[in-house]
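With the hints as extra help, turn the sequences into a complete structure.
One line per chain: the protein sequences are A and B, in this order.
Mind the numbering: the first sequence is residues 1 to 268 in the numbering used here, read in order.
Mind the numbering: the second sequence is residues 1001 to 1199 in the numbering used here, read in order.
Think of the hints as simulated: they come from the structure by calculation, not from any bench.
Treat the hints loosely; a few may be bogus.
Listed below are several chain A residues computed to face chain B (Cβ distance under 8 Å; list not exhaustive) [claimed, not checked]:
(1) S68
(2) W125
(3) T165
(4) K261
From the three backbone atoms N, C-alpha and C, an ideal C-beta is built for every residue, glycine too.
Chain by chain, the residues:
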Amino acid sequence: MTQHAFAVFDTDMQIHRFCEEPRVGAAADKLRFERKPVHAVAFSKVEFKGAYIQRLALLQNKVRDSDSIQEVFVRVKNSGGRGAQMMLAQLIRFLGRESLRGDWSDTKAILLTHLDAQIGEAWRWFSTNVDGEVDSAKCTRAKEGPTRIGNGWDVGIPNCRKQNTRCRVSQFFKGNTETLKHVIAILEKESSISDELQRILEIARDIVNTGVYKWEGTTCRTVGDLLIGLEAKDCRLFVTSNAKEHVLLSQGIGYPLEIFKNAILRLK
Amino acid sequence: MTAPFDIPNAPISDDEAPEAEVVDLYEWMSSRLAAGAAPNGPPSTGNASDVRYQAPAVRPRVRQARPTPLDVAVAQLATARDKSRDPVERSNSFDTWRNILRSLAKNANTEAFRELLGLLLAATHKKDAGDLDDQTLAVLLDATTRLKSQPAAIDINRVSAALRGVGATGVIPLSADGLSEEVTRELEELIEAAEQNRL
Chain A
1 MTQHAFAVFD TDMQIHRFCE EPRVGAAADK LRFERKPVHA VAFSKVEFKG
51 AYIQRLALLQ NKVRDSDSIQ EVFVRVKNSG GRGAQMMLAQ LIRFLGRESL
101 RGDWSDTKAI LLTHLDAQIG EAWRWFSTNV DGEVDSAKCT RAKEGPTRIG
151 NGWDVGIPNC RKQNTRCRVS QFFKGNTETL KHVIAILEKE SSISDELQRI
201 LEIARDIVNT GVYKWEGTTC RTVGDLLIGL EAKDCRLFVT SNAKEHVLLS
251 QGIGYPLEIF KNAILRLK
Chain B
1001 MTAPFDIPNA PISDDEAPEA EVVDLYEWMS SRLAAGAAPN GPPSTGNASD
1051 VRYQAPAVRP RVRQARPTPL DVAVAQLATA RDKSRDPVER SNSFDTWRNI
1101 LRSLAKNANT EAFRELLGLL LAATHKKDAG DLDDQTLAVL LDATTRLKSQ
1151 PAAIDINRVS AALRGVGATG VIPLSADGLS EEVTRELEEL IEAAEQNRL
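Right, dumping it as structure tokens:
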């Protein structure tokens, strides 16, 4: 086994770098430069699109279709929950509440301008603010960025089907059968594991026992930690704040782990 | 009729036409032609060979094309970049540039224009001319010039890369994970105010 010289930042670490809180955002950013060279796994872009970009697009859609700031917040809460509401509140705070008082059409235009720019820029940032990308699984979905459609963006992540996917993830998992056996052994020793680890255990058993990975649909997104962990197998260091899954996965897969402890609160 | 019109193609200064009446060039030429005269010449006999060019006794002053807000923005940013200027002037010019971009956001009618505008506003949020080096100001000037000619996606990618190249970012940190209790409370108060329409 050849160990790579780079560290790998998990998806959550990249998202933490988007946090205005210095003990999270600035600290994650600092770590990225201290652990240089840092790579991200291509599949992380799929997770980033689902966790961050889609929320931005939701805000943009609700702002565009609302007649008042009051209505925007209600609609954002109904569709995106408290996390999306907090994102919008952060944007308003960033721009300055005073500057958005007054006519709704002006406020709306300013918000749309910024949201429009953030969707494109956040996506570009994700790929360019690391030193490289690991893409052994060659996921088709990871190559699909937000695309312009009319006045907005298409930020959807389609279900994988034969018609829209040339899936190599299946081959990637099969090529890691021996490692998956170690993962199974580690997870089976635990008396209690998280829902995601339970799902990972089932999929790993399926691959080892049948030699088949049922890739169609959204399977990869339900076992993202396993996929990212396997891609990071030979890295110098894997940095994440997701201890719950990666402490056990790192034992099974064998990557050195660094837990970023600054981020605790998770909004749903 | 083909006549060698003397069409001033550049605005002339007040010194050059001190007594001229301000006229619209099109109206001026139309009225001259309607009167059967060659521009600035004697009444026509109807014979093309009679039409001769004569220098105007008084040159009309052309109504200068009004500069667009983006023309002004480019000029203001060029001033902000000019190190021979007083820092106060540079700072004011930079703020004027930002104000113009901000006002343009209200009428941005193409997606790429809006995206580039938002990128520039975010990258220069709470910044002053003095905070930015000449390279960064050059990138901003180039980007503002791109705004003048219907930017495309490739322009946005180039500006984004150029901003990264000078260490600037157009990303606004909006992740809601990991916020402190203090910031969370502040945001909750903002949400409550917005929900009651008293932002």
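Q) Are S68 (chain A) and chain B close enough, Cβ to Cβ, to be under 8 Å, as the hint says? A) Hint on S68 (chain A): holds, closest Cβ of chain B at ~6 Å, below 8 Å.
Q.
Let's test the interface hint: is any C-beta of chain B closer than 8 Å to that of T165 (chain A)?
A. 25 Å, violated
Q | Restraint outcome when K261 (chain A) is required to lie within 8 Å of chain B by C-beta distance | A | This hint is violated: K261 (chain A) lies away from chain B, its Cβ roughly 11 Å from the closest one there, beyond 8 Å.
Q.
Please check whether W125 (chain A) passes as an interface residue: C-beta within 8 Å of a C-beta belonging to chain B.
A. Holds - the Cβ of W125 (chain A) comes within 8 Å of chain B, reaching about 5 Å at its closest.
Going down the numbered hints, you'll see the structure goes against 3 and 4, while the others check out.
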